[in-house]
Amino acid sequence: VVKREADPTALLPLSAAVLHTLLALAEGARHGYAIAQDVETLTDGQVRMGPGTLYGTLQRCQSAGLIDDAPAPRGRDADDERRRYYRLTPLGRRVLELEIARLDRTLAAARAKRVLRRPEPA
Amino acid sequence: VSAPPTGHPGRVYRAILRLYPPSFRDRYGAEMEQFVAASHRRAAAGGWWASLAWWAALLWDVAATVPAAHARALRLRRATRPRHQHHDTGESMDRLLQDVRFAVRTLARRPAFTAVAVLTLTLGIATNATMFSLADVMLLRPLRYPHPDRLAVVFATRGTTNNESLSYPDYVDLKAASRTTEEMAIMRGQSINLTGGDAPERLAGSFITPGIFDMLGSTPILGRAFTEAEAAPATAQPVAMLGEGVWRRRFGADPKVIGQTLILNGLPFTVVGIMPTDFSVLGASDVFIPIAYYPNAHGLDRDARSMTVIARRRAGVTLRQSELELSAIAAGLARTYPSTNANIGVHLEDVHELLVADARPMLYILFAAVAVVLLIACANVANLQLAHALARRREISVRLALGARRGRLVRQLLTESLVLSVTGGALGLLVAYWAVQGLVAIIPFGLGDFQPVRLDGRVALFATVLSLATGVIFGLAPAIHGSRSDLHDAMKVRAGGGRPGRVRARSIFVVAQISLSVVLLVCAGLLTRSLIRLERVNPGFDGRNVLTLEFRLPAAKYTESAQIVDFFTRAIAEIRRVPGVESAALVRAIPFSGNGDGRGFEVEGRPLQTAELIRANYNIVSPGYFATMRIPLIAGRDVEVMDDAAHPNVVVVNDVLATAMWPNEPALGKRIRFGPDDAWRTIVGVVPRADHFGIADKPRPQVYAPFTQDAQIFTSVAVRTKGDPMLLGGAVRNAIWAIDREQPVWKVRTMESLMDGALSGRRVTMRMLGAFAGVALFLAALGIYGVMSYLVSQRTHEVGVRMALGAARGEVVRLVLAQGLRLTIVAIVIGVIGAAGAAKLLESQLFGVSSSDPLTFASVPIVLAAVALLATYLPARRASRVDPLVALRE
Chain F
1 VVKREADPTA
11 LLPLSAAVLH
21 TLLALAEGAR
31 HGYAIAQDVE
41 TLTDGQVRMG
51 PGTLYGTLQR
61 CQSAGLIDDA
71 PAPRGRDADD
81 ERRRYYRLTP
91 LGRRVLELEI
101 ARLDRTLAAA
111 RAKRVLRRPE
121 PA
Chain G
1001 VSAPPTGHPG
1011 RVYRAILRLY
1021 PPSFRDRYGA
1031 EMEQFVAASH
1041 RRAAAGGWWA
1051 SLAWWAALLW
1061 DVAATVPAAH
1071 ARALRLRRAT
1081 RPRHQHHDTG
1091 ESMDRLLQDV
1101 RFAVRTLARR
1111 PAFTAVAVLT
1121 LTLGIATNAT
1131 MFSLADVMLL
1141 RPLRYPHPDR
1151 LAVVFATRGT
1161 TNNESLSYPD
1171 YVDLKAASRT
1181 TEEMAIMRGQ
1191 SINLTGGDAP
1201 ERLAGSFITP
1211 GIFDMLGSTP
1221 ILGRAFTEAE
1231 AAPATAQPVA
1241 MLGEGVWRRR
1251 FGADPKVIGQ
1261 TLILNGLPFT
1271 VVGIMPTDFS
1281 VLGASDVFIP
1291 IAYYPNAHGL
1301 DRDARSMTVI
1311 ARRRAGVTLR
1321 QSELELSAIA
1331 AGLARTYPST
1341 NANIGVHLED
1351 VHELLVADAR
1361 PMLYILFAAV
1371 AVVLLIACAN
1381 VANLQLAHAL
1391 ARRREISVRL
1401 ALGARRGRLV
1411 RQLLTESLVL
1421 SVTGGALGLL
1431 VAYWAVQGLV
1441 AIIPFGLGDF
1451 QPVRLDGRVA
1461 LFATVLSLAT
1471 GVIFGLAPAI
1481 HGSRSDLHDA
1491 MKVRAGGGRP
1501 GRVRARSIFV
1511 VAQISLSVVL
1521 LVCAGLLTRS
1531 LIRLERVNPG
1541 FDGRNVLTLE
1551 FRLPAAKYTE
1561 SAQIVDFFTR
1571 AIAEIRRVPG
1581 VESAALVRAI
1591 PFSGNGDGRG
1601 FEVEGRPLQT
1611 AELIRANYNI
1621 VSPGYFATMR
1631 IPLIAGRDVE
1641 VMDDAAHPNV
1651 VVVNDVLATA
1661 MWPNEPALGK
1671 RIRFGPDDAW
1681 RTIVGVVPRA
1691 DHFGIADKPR
1701 PQVYAPFTQD
1711 AQIFTSVAVR
1721 TKGDPMLLGG
1731 AVRNAIWAID
1741 REQPVWKVRT
1751 MESLMDGALS
1761 GRRVTMRMLG
1771 AFAGVALFLA
1781 ALGIYGVMSY
1791 LVSQRTHEVG
1801 VRMALGAARG
1811 EVVRLVLAQG
1821 LRLTIVAIVI
1831 GVIGAAGAAK
1841 LLESQLFGVS
1851 SSDPLTFASV
1861 PIVLAAVALL
1871 ATYLPARRAS
1881 RVDPLVALRE
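So the protein lines, in turn, are chains F and G. Counted the way this note's numbering counts, the first sequence spans residues 1 to 122. Counted the way this note's numbering counts, the second sequence spans residues 1001 to 1890.
Hints were generated in silico from the structure; no laboratory data involved.
Chain F is faced by these chain G residues, among others (derived, beta-carbon under 8 Å):
| # | residue |
| --- | --- |
| 1 | Phe1024 |
| 2 | Tyr1028 |
| 3 | Glu1031 |
| 4 | Gln1034 |
| 5 | Phe1035 |
| 6 | Ala1038 |
| 7 | Ala1057 |
| 8 | Leu1058 |
| 9 | Asp1061 |
| 10 | Val1062 |
| 11 | Ala1064 |
| 12 | Thr1065 |
| 13 | Ala1069 |
Computed Cβ-Cβ distance ranges for the label pairs, DEER-style:
| # | chain 1 | residue 1 | chain 2 | residue 2 | range |
| --- | --- | --- | --- | --- | --- |
| 14 | F | Leu12 | G | Asp1026 | 26 to 34 Å |
| 15 | F | Val47 | G | Glu1395 | 29 to 37 Å |
| 16 | G | Ile1825 | F | Val47 | 55 to 63 Å |
| 17 | F | Gly28 | G | Leu1119 | 43 to 51 Å |
| 18 | F | Val47 | G | Gly1403 | 34 to 42 Å |
| 19 | G | Glu1395 | F | Gly28 | 48 to 56 Å |
| 20 | G | Ala1401 | F | Leu12 | 35 to 43 Å |
| 21 | G | Val1863 | F | Asp44 | 54 to 62 Å |
| 22 | F | Glu27 | G | Ala1401 | 53 to 61 Å |
| 23 | G | Val1431 | F | Leu12 | 37 to 45 Å |
| 24 | F | Val47 | G | Leu1119 | 26 to 34 Å |
A quick note: this is a predicted structure, and the numbers were derived from the prediction, not measured. Using N, Cα and C, we set each Cβ at its ideal position, and we do this for glycine too.
Sequences and hints are given; from them, build the entire structure.
So this is what it looks like as C-alpha cells:
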C-alpha cells in the first residue's frame, strides 16, 4: 500500500531506534525482547528500548517494508511458541547497507578532519 | 492468542496498554505484555531501587510513544482510504504530535514547576482512582455470584420490624409453595466445637441446606457437596464439608481427610468434601453441616426464628413480585399456625443492597472528599500555570506578533496542561495500585462477596478520563489568559503589575481552594467531634478492665439442664479463684459481641390487645453479672443462686421496660411470660438500660433471666480484673480447662476492644477524611503562598516608592497582609456557606453534634485564616526587605 519501497534512499537517514533495530536483525530473525536486549548489548547499555519504543519502531519498519514476520526458528527458543519473530526484508537489508555506508562516509570525513582520533585496535 | 503474563506489572501494564490505538494494541499488545513481564523479572532481581527505576523508564516510554502511535495509526488508516477524506485529521494529528513534543521540552526546562504540578496531580488522581476502584466493585459491579441481581435475603416481618430471621419450618413451606423463586437455601452461621485432636478448637461453622452452594456458584475443590436428602431432618446424615482454609491449616491439605470422621459439637461427622475459601457468603466458614444438626434446643421449631434465608428468583421475576407471592404464602401459614405465625409476614431485600447499605454513606462522603481534593489540585496547578504563562509572556507576544494564530497558542498551552495531567494520571494510577491494597487492608468489613478490588481497565479508563478532564479544567483558563498577551503589553518591560484579568483569575483560584478546604475541614471536624462524642457515651456499664470470652458446651455431652448448670457453676467458681480476678459472671450474650436474642412477652392480667407480644431483648446471666459490669440496681435484687429450677421463675428487667409497662407503679413483683406456653416469671429487680448492639443504641426493653432457670449451652464469661485484662486470658481459659480439658474457649477479648470495634468503621472514615482535609489544607496554603508571592513581586516597584517616601517596614508588611486577608475572608465566607450545605448532607453520620456545630464552624476559619496569614506573611516580609533603590531602579 505504501509506495515508498521503490526508493531506499528516501528513507535515509534512519532514526537511531530504526538503525539499531535493523542492526540487531542483521544476523538473523529475532523476537521483540531479544531485539531490545541485542540493542542494549550492541550499545553497551547506552540505548535501552522500552516496549512502546520498540514496537513503535517495529511497526514503522514493517509499514515501510523494511522487516516482516519470520517463521519461528526451530530448535532455538522453542520454549515459547507465542513469540513472533521478525527479520529483515531485502529492502530492509538494502536500506541498512546504504545507511551504514553513509555513516561510514561521514566517519571517514570526520577522521580526515581529525575530529576523531583513530580507534585503538579492538 | 496469548496467555497474559500474571503478577504484578502485567495487570498495570495491560491497563496502560489501552492508551495505545486499538490497531497497534491488537498487533503488538500481547508481545508488549510479554516484553514487560520479561524485563520486569530482570529489573526486579536488582532490588527495590532498580524496580523503581524500571517503572519510571516504563512510564517515560509510554508517555513518549503513545502520541506517536496514534499519529501512525491515523496515517495508516488514511493511507488505506481515499485521499481527500480525513486529510484534516491526519494533519492535526501531526500538529498535536508537534505540540506534545514542544510541551515536553518546555516542561523539561522548568523542572521545579513540572515536579510540583505533576506531584499535585498525582496526589489528586491517585486518591480518586483508589476510591473509584473500591466504589466500582461495591456499588457499580454485580456481586461475584451467578445471577447476582436475582438474589435476595428473605426476612420475617412482625409489626413494624421487617428484618427478623425465618424459622426452619417456615422456610420449608415457603420453598415448597413458591413459584417465583427457583432456589431457596438456609445459611445459619454458628461456631462449632472440634474435639478429639491435640487441643479442642472452635471453628466458624455454617448450618446450611445444600442449595446454597448452587446459588452462590461454588463447587467443592475436593469430594462432593451434600445432597438435599442428606440435609433434611428426617433423613439427615452426619456429613460435613470443610473450608479450604481450615483443611490446609489443620489437616495439611491431606486429601485423605475425605471419608474421615470428625467430632463436631460432640457428634461424629463424616467429611465428604472441601469447599474453596473464596466461598464466603456473608462471612467465612470453616465447616459446613446440614441444618438438621442445628444444635440449639428447639432450634428447628416454627417459632425459633434464627435462620438466614437466601432466595434466587426465576429470570424475569422482580423482587416485588416475589415478595408479594411469598407474603401471600406467609399469610396462609399465619392462618394455619396462628399461635406461632400470627402477624408474621415476609420481606425481601436485595443481597447486594443489603451488603452495601452500611458502607454507602461512607463511600459517598469519601468520594466527595477526594473529588474536592482533585478540584483543589486543579486550582493549584492552574495557578502555577498562570505564573508560568506570565514568565512566558514575551515569548508568546513575540509569536503572536510574528503571526501565530491565537487558537494555535491556546491549543499549545492546553497541550502542556494535558501532558502534565496525563503524566500525573499515569503516576497516580501507579500510586493507586499500592493505595488500593492499603485501602482494602484498613477497610473494617469483608469484601468477599464482591468481585476482587484491583486496578483494571475500568479504573485505568476512569483515571484517563479524569486526567484529560483535569487537564482541560486547569489548563483552559491559563491557556486563554496566557494567549491574550500582546506585543504592546509585553514590550513594556515592567508591565506594571500584570493584567488585572490575570490577577483576578489567580485570586479566584485561591479563593476556590480556600473555600473548598473550609468545606472539607468542617466535614472532617464534625465527624471527629461525633467520634469523640461516641467514645464518651456512657454505655450503661463500665467496660474498663473487663475480660470477655465465649464458649459453648457440646450439646451431645450436656443433654440435661442440670449438667449445664453444674458446669457453669463450677466454671464461675474456678475463674473467681484466679489471682487478679475481682469478680466474674456468665452472660449469654456479651454486649457489643454481636450476639443477642429477642423475645415477645405478655404481662400478667393484661389481655393482649392484638395477637402480638411485646418485643424485648432477652439475655441470660449468672448472679453477679450486674456487679461485674457495674450496672447499678435501681430497685429490687440481682438474680441469685437459689433462683433455680425448684424455685419460682424470676427475671430482672431494665427501666425502659419497667416504665413502658408500669409508668405509675413499681414493676417489682409483677409477672411476665414469653408466650402462652411459658411459665410466669416474677420481676425481682430493675436495672438501668445498657447498650447492647452498638454505642448509643436505641433504648429497648430488656429482660435478664438467671442461667439456673434457663440453662443453654452457649455462654460468655465477663471477668473484672485488677490489672490489664488480657494478662489473665490464659489463666481464665485454664480455669475452664480445669473442669473439662476438651472444652474449646474462644474470642478472648477485652470489653474495651469490643466497644472499640463498634466504632472502627467511623474511625476509618474519619481518618481518611482527615487525611484528605490535610492534603487540601496543604495545597491551599501552597496556593495562597504562590499567589501572594506573585502579587508582591508585581508590587515591588510600588513598595520601593512607598519605602523611599518613608513608609516603615511594618506598614509594608501590613499592606501586603491586608491584601492576603481580604482574599482569605472572602474565601472563608464562601467556604462556610458551602460547608453549611455539605454538613446537612452529612447529618445522618453525625452523633451528638449539630450539623451547624458552632465550635467546628468557628475553629475551622480560624485555622485557615492562620495558615493563610502565615502563607501571606512570608512574601510580605520579603517585600519589606526590598531595597528601595533597587526597587525603583527596576
